[in-house]
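**Q** What follows is the residue order along each chain.
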Amino acid sequence: MKEKISALFDGQLDDDETTRLFVSSAGKAVLRQDCRSYQLIGDALRNETLLDADITDAVMLRLLDEPTVLAPRPRLAWHRPTMALAASLAGVSIVGWLAMQQSKESVVAPLAQNTPAAVRTVVAHDMQEYVIAHQAQSANMQFQGGTEHIRTVALGYGK
Amino acid sequence: MRYPVICLLLAGFSLPTLAQSSADALRWMQRANEVSRSLTYTGTFIYQSDSRTETSRLAHVVDGGRELERLEVLDGSPREVLRDNNEVKCYLPDSHLLVLERRNTRRSFPALLPEGPGGLAEVYLIRSGIPVRVAGFETQSILVDPRDEFRYGRQFWVDAKSGLLLKSSLRAENGESLESFTFTELRIGGTIDREALKAHASTRSGEWKIHDLRSTESTGDDGAWVFRNQIPGFRRVSEMKRPSRPDVPESRHVVFSDGLAAISVFIESLPEGKPRPEPGMFAMGAINVYKRFAGDILLVVMGDVPPAALKRLGDGIEAGKR
Amino acid sequence: MGEREADQALVERVQAGDKQAFGLLVTKYQRKLIRLVARLVRDPAEAEDVAQETFIKAYRALPNFRGDSAFYTWLYRIGINTAKNWLVANGRRATTSSGVSSEDAEQYDEGELLRDVDTPERVLMSKQIVDVVNAAMERLPDDLKTAITLREIDGMAYEEIAQVMDCPIGTVRSRIFRAREAIALELRPLLDTAPDTRW
Numbered sequence: 001m002k003e004k005i006s007a008l009f010d011g012q013l014d015d016d017e018t019t020r021l022f023v024s025s026a027g028k029a030v031l032r033q034d035c036r037s038y039q040l041i042g043d044a045l046r047n048e049t050l051l052d053a054d055i056t057d058a059v060m061l062r063l064l065d066e067p068t069v070l071a072p073r074p075r076l077a078w079h080r081p082t083m084a085l086a087a088s089l090a091g092v093s094i095v096g097w098l099a100m101q102q103s104k105e106s107v108v109a110p111l112a113q114n115t116p117a118a119v120r121t122v123v124a125h126d127m128q129e130y131v132i133a134h135q136a137q138s139a140n141m142q143f144q145g146g147t148e149h150i151r152t153v154a155l156g157y158g159k
Numbered sequence: 001m002r003y004p005v006i007c008l009l010l011a012g013f014s015l016p017t018l019a020q021s022s023a024d025a026l027r028w029m030q031r032a033n034e035v036s037r038s039l040t041y042t043g044t045f046i047y048q049s050d051s052r053t054e055t056s057r058l059a060h061v062v063d064g065g066r067e068l069e070r071l072e073v074l075d076g077s078p079r080e081v082l083r084d085n086n087e088v089k090c091y092l093p094d095s096h097l098l099v100l101e102r103r104n105t106r107r108s109f110p111a112l113l114p115e116g117p118g119g120l121a122e123v124y125l126i127r128s129g130i131p132v133r134v135a136g137f138e139t140q141s142i143l144v145d146p147r148d149e150f151r152y153g154r155q156f157w158v159d160a161k162s163g164l165l166l167k168s169s170l171r172a173e174n175g176e177s178l179e180s181f182t183f184t185e186l187r188i189g190g191t192i193d194r195e196a197l198k199a200h201a202s203t204r205s206g207e208w209k210i211h212d213l214r215s216t217e218s219t220g221d222d223g224a225w226v227f228r229n230q231i232p233g234f235r236r237v238s239e240m241k242r243p244s245r246p247d248v249p250e251s252r253h254v255v256f257s258d259g260l261a262a263i264s265v266f267i268e269s270l271p272e273g274k275p276r277p278e279p280g281m282f283a284m285g286a287i288n289v290y291k292r293f294a295g296d297i298l299l300v301v302m303g304d305v306p307p308a309a310l311k312r313l314g315d316g317i318e319a320g321k322r
Numbered sequence: 001m002g003e004r005e006a007d008q009a010l011v012e013r014v015q016a017g018d019k020q021a022f023g024l025l026v027t028k029y030q031r032k033l034i035r036l037v038a039r040l041v042r043d044p045a046e047a048e049d050v051a052q053e054t055f056i057k058a059y060r061a062l063p064n065f066r067g068d069s070a071f072y073t074w075l076y077r078i079g080i081n082t083a084k085n086w087l088v089a090n091g092r093r094a095t096t097s098s099g100v101s102s103e104d105a106e107q108y109d110e111g112e113l114l115r116d117v118d119t120p121e122r123v124l125m126s127k128q129i130v131d132v133v134n135a136a137m138e139r140l141p142d143d144l145k146t147a148i149t150l151r152e153i154d155g156m157a158y159e160e161i162a163q164v165m166d167c168p169i170g171t172v173r174s175r176i177f178r179a180r181e182a183i184a185l186e187l188r189p190l191l192d193t194a195p196d197t198r199w
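Protein chains in written order, with this note's numbering: chain A, 1 to 159; chain B, 1 to 322; chain C, 1 to 199.
Treat each hint with caution, since some may be false.
Stated by the list, open to error - Okay, derived cross-link-like pairs now, EDC-like style, lysine to aspartate or glutamate, Cα gap no bigger than 20 Å in a straight line:
1. A:4 with C:46
2. C:19 with B:67
3. C:19 with C:53
4. A:2 with C:53
5. C:19 with B:268
6. C:19 with A:48
7. C:127 with A:48
8. C:32 with A:52
9. C:57 with A:52
10. B:89 with B:176
11. C:127 with C:186
12. C:84 with C:121
13. B:321 with B:268
14. B:198 with B:278
15. C:19 with A:16
16. C:57 with C:46
Simulated from the structure, these hints should not be mistaken for laboratory data.
Predicted model only: the values in this text are computed from it and were never measured.
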């Protein structure tokens, strides 16, 4: 696992492995410690100064209080065959649907790359009240056993 | 409703006779829904969505005919949701906002359960899974697989003894977990200190704003808006007018459900002088959101369903003839 | 994956709600940012504070970052603005010791200005770290030493290193990892930091 962290640090780990590392709690603990060492080693080899400075912990502690930033699911999901099938079922022809996607050129990304144009942002606090209303209206018909309101507040809306 | 199996004794139910049929699994779900409203319990649970995790405390008390509930998020800012029967208050300290809402009373879960046409089993394949221990409890797991691409899969784990839901997850087409709740500790019954049900947030400082979202009027299906594209299994369950936001004229809120998933459609005219929101498909954890314009009207279609379902429903919305 | 793609992948993780990924970006760029900010702010402790502020601002602004530029370029601009605002808020003019204005300061070689800023203690600590790392390097077998040098000093990607060293990419990855582990082992007593588990 630690060798994967070394590869991740160099940007040489593929997406799936990267996700797995980030998601596993064992991965997380080792991740930050190792990356800290590796960065220091690199900086020292390059003879840089201020090597004793380390504000990572201070920044991350403050981030605990920040609402989590959100961005939408990448548009790449729309290129999966099941999505095209659903679109055709919806009465939109495949050609028309693809054309519609492509006309919004800033948001379509080719399959091979994870380019930034594929990701768009949503202003989370605008959606806050929609979520509350949605959850309240669907609570009684859903099967959440008392925890249904967590979605209402879980998305970390802020100022 | 008749179940072609022997009646399950709710007290002292022993696990060895595994519920195999779909009907049994449905029965477990129905029971879990009932007990979550009728039992008193407190616990701590973890909510996960994308790669975020939040721990929260939940207290639920039934007193006479009255249900009181408090949910408090323990990570990050201290958000709370308090409920007194169907009156809901959400405290959001980061934005000094108190949001008031009222839950829908008209439809409830069991009413959507019956087998036969329109039942859950038509759009989901429901099976029992193997018993598993969760938070020290023996649980029965229930697998719910979608029969089409318009809904997500789910899995539930209910306590074999009390029937309470202890864990649940929402699953995408590729098996990826979109959201999960897991109780890490749960205490059923006993007495609960009334203080545990009061809001900790202090709204007396005067800096708090109150947004009252409670619906002013239920419209029923008055034909003002037409939904040309239906999603299999989803039926309209409510339609109302509400003051959605202080700066926005009345909005209409229509809710569809298939019994497990829910889709909300908000129809509102755009406020004067404000920039148009960006249309398109967005994801907010387990909830997807589809925004589009019908002329000068903004349509927001959202729910815990795949984007395809939202797009299909949303693209078929039209103003009705008056 | 190049540097820019690697950073962008981390940014997208943060935009998907993963705060931990932001921590890696902080670890990577913190010293570079502190040095940048110190050109304007001068006092090292205050430079660290301003750098912290910059990272928080960057985190908040991340939904608006679309990857049109490299992450560090974007961070750099936020750093400069934060430093300037800080100076204004603290009633100071942005000058360096030689009396040059802040705009000009951005052009100066960072090494030159930092000599004013470092305290003797900090310079000593930095030097110790450099010494330990260099000593550890000398003790490494040649193949490990070459691999990590090409990566960290020449900034080569694994594919390039594989060509230069005429070996498979998997071998490059393994050599760099083993070099790092060996050096990190020698650094541990000097740093003596327990892992922070709060985040």
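**Q** Determine for every hint whether it applies to the structure shown.
**A** Here is what the structure says about each hint:
{"no.": "1", "hint": "A:4 with C:46", "in the structure": "violated (36 Å)"}
{"no.": "2", "hint": "C:19 with B:67", "in the structure": "violated (37 Å)"}
{"no.": "3", "hint": "C:19 with C:53", "in the structure": "holds (16 Å)"}
{"no.": "4", "hint": "A:2 with C:53", "in the structure": "violated (31 Å)"}
{"no.": "5", "hint": "C:19 with B:268", "in the structure": "violated (34 Å)"}
{"no.": "6", "hint": "C:19 with A:48", "in the structure": "violated (27 Å)"}
{"no.": "7", "hint": "C:127 with A:48", "in the structure": "holds (10 Å)"}
{"no.": "8", "hint": "C:32 with A:52", "in the structure": "holds (13 Å)"}
{"no.": "9", "hint": "C:57 with A:52", "in the structure": "violated (23 Å)"}
{"no.": "10", "hint": "B:89 with B:176", "in the structure": "violated (32 Å)"}
{"no.": "11", "hint": "C:127 with C:186", "in the structure": "holds (15 Å)"}
{"no.": "12", "hint": "C:84 with C:121", "in the structure": "violated (27 Å)"}
{"no.": "13", "hint": "B:321 with B:268", "in the structure": "holds (17 Å)"}
{"no.": "14", "hint": "B:198 with B:278", "in the structure": "violated (39 Å)"}
{"no.": "15", "hint": "C:19 with A:16", "in the structure": "holds (18 Å)"}
{"no.": "16", "hint": "C:57 with C:46", "in the structure": "holds (16 Å)"}
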